[in-house]
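Participant: Chains as they are written, first to last, in the numbering used here: chain C, 6 to 146; chain X, 3 to 290.
By construction, these hints were calculated from the structure, which means they are not laboratory data. Hints should not be assumed to be uniformly reliable.
Here are a few chain X residues that sit away from chain C, every Cβ distance over 10 Å (derived from the structure) [as the list claims (entries may be wrong)]:
# : residue
1 : 3
2 : 23
3 : 47
4 : 95
5 : 219
EDC-like cross-link-like pairs, simulated, lysine to aspartate or glutamate; straight-line CA separation at most 20 Å [to be verified]:
#  : chain 1 : residue 1 : chain 2 : residue 2
6  : C       : 41        : X       : 68
7  : X       : 178       : X       : 288
8  : X       : 267       : X       : 48
9  : C       : 41        : X       : 85
10 : X       : 95        : X       : 80
11 : C       : 49        : X       : 85
12 : C       : 41        : X       : 124
From the three backbone atoms N, C-alpha and C, an ideal C-beta is built for every residue, glycine too.
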Amino acid sequence: MSLDKPYLDVPGTTIFDAEQSRLGYHLNQFCMSLMKADNRARFKADERAYLDEWPMTEEQKQAVLARDLNRCIKAGGNIYFLAKIGATDGKSFQQMAGSMTGMTEDEYRTMMVAGGRSVEGNRVIGEDGTAQAHRQPQGKH
Amino acid sequence: MARITASVFTSHVPAIGAALDLGKTQEAYWQPVFQGYEFGKQWVKDNKPDVVILVFNDHATAFSLDMIPTFAIGTAADYTPADEGWGPRPVPKVVGHPALAAHIAQSVIQQDFDLTIVNKMDVDHGLTVPLSLMCGAQDPVQGAWPFPVIPFAVNVVQYPVPSGRRCYNLGRAIRKAVESFDEDLNVHIWGTGGMSHQLQGPRAGLINKEFDNAFLDMLVNDPEAAASIPHIDYVREAGSEGIELVMWLIARGAMADADGGAKPKAVQRFYHVPASNTAVGHLILENT
Numbered sequence: 006m007s008l009d010k011p012y013l014d015v016p017g018t019t020i021f022d023a024e025q026s027r028l029g030y031h032l033n034q035f036c037m038s039l040m041k042a043d044n045r046a047r048f049k050a051d052e053r054a055y056l057d058e059w060p061m062t063e064e065q066k067q068a069v070l071a072r073d074l075n076r077c078i079k080a081g082g083n084i085y086f087l088a089k090i091g092a093t094d095g096k097s098f099q100q101m102a103g104s105m106t107g108m109t110e111d112e113y114r115t116m117m118v119a120g121g122r123s124v125e126g127n128r129v130i131g132e133d134g135t136a137q138a139h140r141q142p143q144g145k146h
Numbered sequence: 003m004a005r006i007t008a009s010v011f012t013s014h015v016p017a018i019g020a021a022l023d024l025g026k027t028q029e030a031y032w033q034p035v036f037q038g039y040e041f042g043k044q045w046v047k048d049n050k051p052d053v054v055i056l057v058f059n060d061h062a063t064a065f066s067l068d069m070i071p072t073f074a075i076g077t078a079a080d081y082t083p084a085d086e087g088w089g090p091r092p093v094p095k096v097v098g099h100p101a102l103a104a105h106i107a108q109s110v111i112q113q114d115f116d117l118t119i120v121n122k123m124d125v126d127h128g129l130t131v132p133l134s135l136m137c138g139a140q141d142p143v144q145g146a147w148p149f150p151v152i153p154f155a156v157n158v159v160q161y162p163v164p165s166g167r168r169c170y171n172l173g174r175a176i177r178k179a180v181e182s183f184d185e186d187l188n189v190h191i192w193g194t195g196g197m198s199h200q201l202q203g204p205r206a207g208l209i210n211k212e213f214d215n216a217f218l219d220m221l222v223n224d225p226e227a228a229a230s231i232p233h234i235d236y237v238r239e240a241g242s243e244g245i246e247l248v249m250w251l252i253a254r255g256a257m258a259d260a261d262g263g264a265k266p267k268a269v270q271r272f273y274h275v276p277a278s279n280t281a282v283g284h285l286i287l288e289n290t
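Bound conformation, chain C alone (with noise of 0.2 Å):
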């Protein structure tokens, strides 16, 4: 018997589902740790020694180094713990959605305030909205 995932057909996106959390569920945790300001400071001073307290995989360990939130996602992280990082690096949570899409800061406000990403096109993988993958990354920069 498989499970029923209808949401796997759509572009651009990873629910975060009881799979991905058990994949993720160190990494996030290892997030959470970053809500104590000792532990910000400590995760600051020596990043590398701190991830290797967790029992993270090494792909999980370099996605967090390299601030690559989508493959931290793909790994497992989800979105509100991941944003424990940005705010430890003192970023908006705009900041940290605009990262993902390739796009400059300025360019992702300037969406945003346009009325945000249309949906048309974004709907199902294989259409050709700005979320499809052969669309990637998306930006003029």
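Use these hints to put chain X onto chain C, whose structure you have.
Facilitator: Coordinates of chain X only, in the frame set by chain C:
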């Protein structure tokens, strides 16, 4: 007896809290957002509740991946605003209503909704931003929120989240629970989160004004139809984080017409794009 007289619906974007806390409400970017809540601020003064049941979601703050309750009711005397990584918001602590909360827990569990009971919890922007929007800025030490709040947390972070139908039926159970409380209390229920937004992946920034406005129409006029929207429609049409809208259905299900009463009156409706990554929607419904 206690009764639910009104419901309030609003987005709870963290950047709105930051804009308030940093004194940016009159900036051109933010002014239209706060303008949309001027009516609500006056309305909540004129129709002051004795207690608010505030349906929200925790954003990896009180609940890590160690424990993931689908529905959690706060029965504590008070709740501290959380440090979400940027430092705690400078807002007053949130005073609870343990007597009514415990009563709701007892009644709703007996109606087959298995709530998690929480006696200690910090509350994040999901709860404090709606309070700020509806009550205005408050001094964190000298000030106080004008009414007690029962936090009601819903898991919308780890999928699968509860269905819209289950949320709607839970709202109906909450209404029954409130009406079986002997004390004469005027209760409001707030549904928060949404509207369309996606915070992750190459599709981040998705906004769908057509979906959002159709949802607002449906929520007012045909909540049964809104309760029938499947998860995948929210994800595809309103973005992966747009799924938060199921929480609005809990508040909507607690209105009288969900159990044969009169249709509520919509006294406020507001919609604006954007606040940071998100479409802001806001409704106030009064039981008639």
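Participant: Against the earlier hints, flag every one the structure doesn't satisfy and list their numbers going up.
Facilitator: Violated hints: none; all satisfied.
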